[in-house]
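**Student:** As a plain string of letters, each chain reads:
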Amino acid sequence: MARIGVFVCLCGENISATVDVQKVAAAAAKIPGVAHSVEYKYMCSDPGQQMIQNAIKEKNLTGVVVAACSPRMHEPTFRRACSEAGLNPFLCEMANIREHCSWVHEKSDATTNKAIDIVRTLVAKVKKNKALQPIKVPVTKTALVIGGGIAGIQASLDIANCGHKVILVEKEPSIGGHMSQLSETFPTLDCSQCILTPRMVEVAQHANITLYSYSELESLDGFIGNFKARIRKKARSLDEKLCTGCGLCALKCPLKKIPSEFDAGLGTRPAIYVPFPQAVPNKPVIDRSHCTYYLKGKCRLCEKVCPTQAIRFDQEDEIVEAEVGAVVLASGFDIKHGDFFPEYGYGKYKDVIDGLQFERLASASGPTLGEMRRPSDGKVPETVVFVACAGSRDPAKGIEYCSKICCMYTAKHAMLYKHKVHQGKPYVFYMDIRAGGKMYEEFVRRAMEEDGVQYIRGRVSRIYERGGKLIVKGADTLLGARPMEIEADMVVLATAGVANAGAEELAQKVHVSYDSYYFYSEAHPKLRPVETNTAGIFLAGACQAPKDIPEAVAQASGAASKVAAMFSQAELVREPLIAVVDRQAPPLYSTCVGCFLCQTSCPYQAIEKEEIHGRDGQLIKTVAKVNPGLCQGCGTCVALCRSKSIDIQGFSHEQVYDEVLALLNRGESDV
Amino acid sequence: MSDFNPKIVAFVCNWCTYAGADLTGTSRMKYSPQVSIIRFPCTGRIDFMLLLKAFANGADGIIVSGCHPNDCHYSSGNFHARRRWIIFRALLDFLGIDVRRVQFSWVSAAEGAKWAELVNSTADHIRQLGPFSGYQRLRGLGVE
Amino acid sequence: MKTGFYPGCSMKGSAREYSESLLAVARALGRELPEIPDWNCCGATAAHNLDRNLALALPARILAAAEKDGMDEVLVPCAACYSRLSVTRHELLEDEELRQKISGLIEADYRGTARVLNIIEWLAGVPELEKLVKVPFARRVACYYGCLLVRPAGVVKFDRPEEPQSMDLLMKKIGAEPLDWAFKTECCGAGFSVSRTDLVARLSGLILDDAVSRGAEAVIVACPMCHLNLDMRRPNIEKLAKKKFNIPVIYLTQALGLAIGLAPKKLGLQRHKVAVKFPPPEAKPPSADKLAAVGEV
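Order-wise, the sequence lines are chains A, B and C. All residue numbers for the first sequence refer to the numbering used here, where the first residue is 386 and numbers rise by one. All residue numbers for the second sequence refer to the numbering used here, where the first residue is 334 and numbers rise by one. All residue numbers for the third sequence refer to the numbering used here, where the first residue is 7 and numbers rise by one.
Note that these hints are calculated values from the structure, not bench results. Note that the structure is predicted; figures quoted are calculated from it, not measured. It is possible that part of the hints are untrue.
Said to hold, decoys possible - Computed list of lysine-lysine pairs in DSSO-like fashion (alpha-carbon distance at most 27 Å, straight line): (1) A:Lys733 - C:Lys163; (2) A:Lys733 - C:Lys178; (3) C:Lys250 - A:Lys854; (4) C:Lys248 - A:Lys858.
Extracted from the complex, chain A is given alone in its bound form:
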């Protein structure tokens, strides 16, 4: 038997000015099931809340309706008050007669009648409310970080320094990512490897971090706090415990001319190789797609010369299983390659290169040992043209966004070039200069004013070869779109930053949403930049959108703090307004017929299959089951279910139906 208490607030004058509150309280008292109906000036105040608590105890109330402001304002306040009086907080509802009534209508009978309608609606609803307990989900305090670039490294260190375990998975033979390929970083012109390698070593030596390099995520199952990851450790063809990193194998390998990925195709490496001298771990890997042994069954020279007999040709990939509580995606980005700029001769002319290739030319450990020599004939380029926005901000090339870092690195490249070739002439063709970070604008000014880089505002329409030179045709729009032609020795294109090649596959493995460019989607663009819509999976770095190193590091620390917050609790607590699939006694077990339409529609993969077995172990039926840890309570499945076997707490079929009837004043259903 329902015993509902109705508490109508005057809210000072906010409600009472246009709504006759006494009439509302009087009308509410007449609703069947209402045992107590009063009005008060400030329901949310201490005495107001006290009133409610006293009434709950004295009148043995089974439910409370506070007719006042919007629940978005004070629902937690009143629920807490009820809870303290011994009434389950989910048996308290708010009737919004302020924002939706008193504030938007004139003083009239119609307004008071509408307030009464609203109260009657919520009374009908609360009669069908169920006492609910918050949901508790255990947490495995190990984090999985996917990607060992600067963002992944930072996130791993931060989480590990909180005392939690971290598993870091990196698909290349070494961690470091693109930052390890850079020569110097803006705006300080710090040597990239000098600031990066100490962090890399820290990761390798950290007691709380397990590093799986040359490994990829195979699969991820489970849910927040309780993920099961399977990691594929690709075969290096090496016993890592025996290898000392002496490097003799790479030195002796007869195949030396394989294009080096680390050198962006400008340098070469052997078939057994360490990607760069400061690699972490400093152990080689055999490239089976080029190695003579794997292709023809011959050679095995590395095996012969290895002082510790560490080579293992028959080594196979290994699958490692791990239980983790949270995942940080730090899989990084790439720059656009391929045949998308035929008018610039990108891919056709050897001396038209991209930004990463320029970094390798400038780098002291690069293919030219840091000397500025162009790829085609090794000559020192006297005139270099840098083309900004090569692909970015260009709907015709399929990339509408700005890649954010190119204005800065183009200025950097021009400066590095000038520092190495004092008599050189650098030109930059640009559309705008985006230098919004700290010390960024000054950096670009320095390039223009101190290093004499000539900035031309205009686009390049065509680059072609003539007489051994690259003719760059552009326009100077600040001088009235005057056509410009520059005979360059080398051209550097600031090609667009794009998602990594494996981004889509990884996103689908972990069930994270992504945009049309395959960058991963954050939960809210302004207020939740490191979370995803998938509970327990966080984002760090350029996999979310192109960004520079300071931003990647900041975001990584942000993601780490979210993980640490999760891990700081013994259990995760969630609001129980979630979906539930109905269960009945045998032989029905459930009205669910197992069509799983709900599963396909759930944006959170919160619906699982549950097999119902009889006492003899035989499978009777497979029905849907909602994972309380994942369900966010949207109710899409509830509306879709054809047999109405799934319902949602707080907005159940009965509650909503009774609300509609009560609003239209036709009385309750008789269930």
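Given chain A, work out where chains B and C should sit, using these hints.
**Tutor:** Coordinates of chains B and C only, in the frame set by chain A:
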């Protein structure tokens, strides 16, 4: 007809339209008192058969409103609602219920003015269409 | 599949040899090309500079007539006519209100069903081309696309707008060696041929200069305007550049015609300003190894 005050039920989502209606109130914008709101977590939760029940029990008009496409708090609930609406509209037509009695809209949490305008214009439309008497036909179909 | 033919004004006038060679080739390929009944001028540059409705109505009338005649597609060899007809079809298919308005103006219901093809598209639809080659056109050629064959990209949706290959591939099929050169889609001066011939002399001169410097023996075109500027204006070009350019400019259909064994007179080659003749094999520059044998390099 001139003193006909239509009863209009609004089925709205908590995160966008409900919040938008709150904003209308906070901004003290005035609108017609014919519309009362029922709160849902998401427009995806709205079983459109409920709309028929509303008509069967005295509603003259209905508003369904949620987050703009791509902005759904739960990612895709409003896409489901939108698809449902397209089919439901055909059903309404088949049943002989004037499709104009149901207003389907997107009102975000920032669009307080839009909510007021939507309520007022819907109230006007329904007033012109007159009371919905077709509910008697629906009751015999087991819709109640 | 009925393919219609829209000659346009230039085919009957200054580009007669284009028309002759096209029809000769079509005959040799056994392809019928019925003209669209009662066709009118497409409006060319004049109409779209003056009045939008006129610019759309003229091509719409042509295409409506083609549809009425049961044509599924229409071959439009002149690149400018091709552009006008393609743009019209595109705009009227995108905007229903506009389509109805223009249909009203031309007093015919234009539906947009007939596809508009340029010469390269049409020839690419001839699969047996390679087999018909009797005399391979073994020349180094510079294929010149000009402005309107591959642009605007969103309308014509044909080949790559920045580095097209379709004509090059066709020429390869008939035994030519298409060169990689820089002026494939650079402007020749277009309609300024009459009002600013000095501009045409300069722009077309740059095109010929690049082609010649890369060793091209002929420039292949598929547009009467391109041909006019590169061929008929040769004296202006040479005067401005202060040097002679002997390189002939040949229509794609003429090159094809030669390759399948048709007589030069049938292809209208005699109508060109710049004589279509190629240096005899001996006059070609000696190869590097020949020079080495003689002791020079």
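**Student:** Now look at each hint and say whether the structure bears it out.
**Tutor:** Consistency of the hints with the structure:
Of the pairs offered as hints, the one joining A:Lys733 and C:Lys163 holds, with about 24 Å between alpha carbons and a cut-off of 27 Å not exceeded. Proposed proximity of A:Lys733 and C:Lys178 is supported: the alpha carbons are some 20 Å apart, at most 27 Å. Restraint check: the Cα-Cα separation between C:Lys250 and A:Lys854 comes to about 25 Å, which is no more than 27 Å; the hinted pair holds. Between C:Lys248 and A:Lys858 the alpha-carbon distance is near 24 Å, which keeps this suggested pair within the 27 Å criterion.
Going down the numbered hints, you'll see the structure goes against none, and every one checks out.
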